Amino acid sequence: MTTLKEPIYLEEKLKEIQESGRLGYRSRSLPTWCPGCGYFAITEGVASALNALGVAPHEVVIVSGIGCASRFPFFMNAYGLHTLHGRTLPVATGVKLANDRLSVIAIGGDGDGFAIGGGHIPHAARRNVDITYLLCDNAIYGLTKGQISPTTELGFRSKIAPYGNHDAPLNPLMMLLAYGASWVGQAYAGDPHHLAEMIARAIEHRGFSYLNILSPCVTFDKTNRTYRALDLAVRHLAETHDPADVMAAMAEARDRDHPALGLFYRELRPTLGDAMADIARLARASAEDPVVSGRPAE
Amino acid sequence: MGGTDIQIAICGSAGDGTIACGDILNQAMADAGYRVIAFDVYPPEIRGFGECMARSRISDRAVHSMKESSDVLVSLNDAHAIAHVPEVHDYGAVIYDDAPVTRLHEGQHISGHIKPGQIPYGLPARQIAEQATGAAKARNMAALGFLAGLYAMPREAFERTIRRKFATKAAAVIDDNLAAFAAGYERGAATFKLDLVAFAPPAAAASGSRPVILSGNAAVVRGLLDARLETLFGYPITPATPILEMLAAALPKHGGRFLQVEDEIAAAAATLGAGFAGARAATATSGPGFALMTEMIGLGVMAEIPGVIIVSQRGGPSTGLPTKTEQADLDIAVHGGAGDAPRIVIAPTNVEGCYRCAGKAFELAETFQVPVIVLLDLYLSNRLETALLPETSPFAQGAGKRFSPADRSGPYRRYALSEDGLSPRAIPGQIGGIHTITGLEHNELGRPSDKPEIHQAMSAKRHRKLAAAVDFPDLRITERLGDDGPVDVGVLAWGSTAGEAREAVERARAEGIRAAVLKVVMLAPLPLAAIEAFLADAREALVCELNYEGQFANLVTAATARRLDRLDAVPGVPMAVGRIVEAIRRLAGREAPRAA
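So the protein lines, in turn, are chains U and G.
My numbering numbers the first residue of the first sequence as 1 and each following residue consecutively.
My numbering numbers the first residue of the second sequence as 1 and each following residue consecutively.
For the record, the hints were derived by calculation from the structure and aren't laboratory data.
This one's a predicted model, so the numbers in the text were calculated from it and none came from an experiment.
Even for Gly, the Cβ is constructed at its ideal location relative to N, Cα and C.
Each hint should be verified, as a subset may be incorrect.
Said to hold, decoys possible - In silico SDA-like cross-links for lysine to any residue, where the CA-CA straight-line distance does not exceed 20 Å: (1) G:Lys253 <-> U:Arg284; (2) G:Lys169 <-> U:Glu288; (3) G:Lys253 <-> U:Glu288; (4) G:Lys451 <-> U:His258; (5) G:Lys253 <-> U:Asp100; (6) G:Lys451 <-> U:Ser29; (7) G:Lys253 <-> U:Ala285; (8) U:Lys222 <-> U:His193; (9) U:Lys145 <-> G:Ala190.
Unchecked claim - Listing some non-contacts, in silico: residues in chain G with all C-beta distances to chain U over 12 Å: (10) Ala203; (11) Gly433; (12) Ala536.
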């Protein structure tokens, strides 16, 4: 295990961050993640993306579930909801529907999103609710100490899978493409500048944006998704990749041996907010009083 | 008494137009100024041959429950109606189609089941409809017309109602229904009436206000709209679906938003998300969906987020009896979820109460920063009742302590400990109010903490802050009716069963028993002072409710250590008033009076 003589974030470091342009977006709480965790880069990435986009902290709402990644809101200077395991997206949908002016970022891990919360993702995607979902994919349950997750590789051994993981991993990108997400991209915590840029583009997108962030768990995964392994495996999408071509995006997403980074797919279509505005227009135009006696039909 | 108080039962098979008949009868008689209470029984299947029964109690004074016996039974399908002949009392009437479409064997025709003392009226409903319209489709309208004509009910009110009911259909549909009704009406008016059923003209409505007739669900919708509901998230489930459907159409007209979500977990989650963002947010469900929402109630309690959850109970456990009524979700409403999770639970006792509770729920939720559960049951959701609703909304906006940057000193403490347990709430978009809510135990700043002294202090805060809820104004948290002072029997009732309890107490009092009923609307926190005062007055105390375990009685006994007599039943239909009267007599040491 890597041991560092000094914690990464000293008070001076925090001060330095706060004095830089990203200052307003970091809270006074220091992250509780293990030294070396990929999530530090995501925190920095979100701060610099918000800074670049010029969104005021009090107009940002960060929604998370339960897990290491879901601790995220505590470390940011923004309104935050650290909710329940798997419930990130419906809570975020409620926030956005209540107030369109808020920038809503949902964040969580692979277990939170694809195991317990798996039923919510297709619906947030197909509704095209205008939020950004940052999925911090470390292929493990870190907070509860190393259990297998829906994206864990076959054969991975852990206390809860002592004879090796026997369930094939999900392919998040292919799922999101199939669900109809209007913006699908992938980034890597080991490439922080590209990560920050992708986060900014995801937030900028009008509609449901999904960013899959490959991130190593330095404590509980020493064999599979390590920085060393990912450094060698990842590649950037070719310049020629057309983000309007969903089949090309699918083909790229299938390649798990050499995960591609970049924007896989983007489509501009009406958001849930647009649909709500249309409905309000239609409803106002209708003369009928919909609240009749209210008895169920025979 | 001696005024009009008549119950009409219309029985048919799904597809006969039974419920439509009942609907028109209720609307027309309410239009004419009578007080109406009506409850239908219908099968869980949409088509097929399930039994449909529309019962309407029409009275010239306020009534609180259905009668146990009917004055008139109208059969649109003998196979189903035969079983209900015994509910018609002596000198009551049975109206039936004496020329049914299929050949019936002996015993299959209702005429062979009518008891001595009941008055039969056969009419060729099918032929009347065919002659009037050229088709048999409006057979139900011919039967309804006969009923209205026989008892000289106000014809214009029926015709108005029919026009309104079919307003969206083709003109021919309206004409056919009116023609069949008219033909039936003339036939009925020309028939020599032998029974004792008679309608006196209704008393004039007081001070120009006219009662409207609507269901409990519709009253909930009107209450939510009048309180300016902003978002409603829901997942369809019987019997709460009509609330979702009505709001899907109405809410966008009023500037709000409706979203059918993927499950009840999402419905509750989005409701809390919207509540956190400062909106008046609600969801509506029934027991099985509510069970899925309990994790979010825990979060709402822990993070102190307002939200309103309408729960219309049906028979349980599990999928249970989706189209039958029951009051068995009280335990889960009060205690459901992990940990000590105090919340507010209110249960209206009639349709007017549905309106009041739904609207007031937001004031409670915002004042006490907590999820509020409004507990109905299928009977209350679906029954129609004349109710007096206010012309303008009586509900206040923006209740509760709110954060203002001007008051700020030091970092914003979302969960600042205070004497009343309430802390000013900031909402996203407010400068200076940034905070993160969490389902983890937290300190005043909202930062996670598992220190024992913090858990103790915050648990106390969450409980303490609800103490004032039992004195919340304009909610009629408890209501005592019947005799004042010491009584032989005091009946405690909640939810829809309070209506039957009230009727039973009135009957017992008419027999000379000193009795009173306490309607308890707030079930969590319990209005203990009012309950204890009532119990102190009651030599014997009875709790009647529609569940097997006596869930409310258990709550009261746990809080007061008073042993209570219990009348628990799970018939799937409202509790029989006669059973409550019998229990009151037994406790009062009286015998049933001899029949006159």
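Quick rundown of the hints versus the structure:
1. G:Lys253 <-> U:Arg284: holds, 5 Å
2. G:Lys169 <-> U:Glu288: holds, 14 Å
3. G:Lys253 <-> U:Glu288: holds, 10 Å
4. G:Lys451 <-> U:His258: violated, 46 Å
5. G:Lys253 <-> U:Asp100: holds, 18 Å
6. G:Lys451 <-> U:Ser29: With a Cα-Cα distance of about 17 Å, the restraint between G:Lys451 and U:Ser29 holds, given a limit of 20 Å.
7. G:Lys253 <-> U:Ala285: holds, 8 Å
8. U:Lys222 <-> U:His193: Violated, at about 25 Å.
9. U:Lys145 <-> G:Ala190: violated, 85 Å
10. Ala203: Given that every Cβ of chain U is farther than 12 Å from that of G:Ala203, nearest at about 23 Å, it holds.
11. Gly433: violated, 7 Å
12. Ala536: Check passes; 40 Å lies beyond 12 Å.
Consistency with the previously given hints fails for numbers 4, 8, 9 and 11, ordered from lowest to highest.
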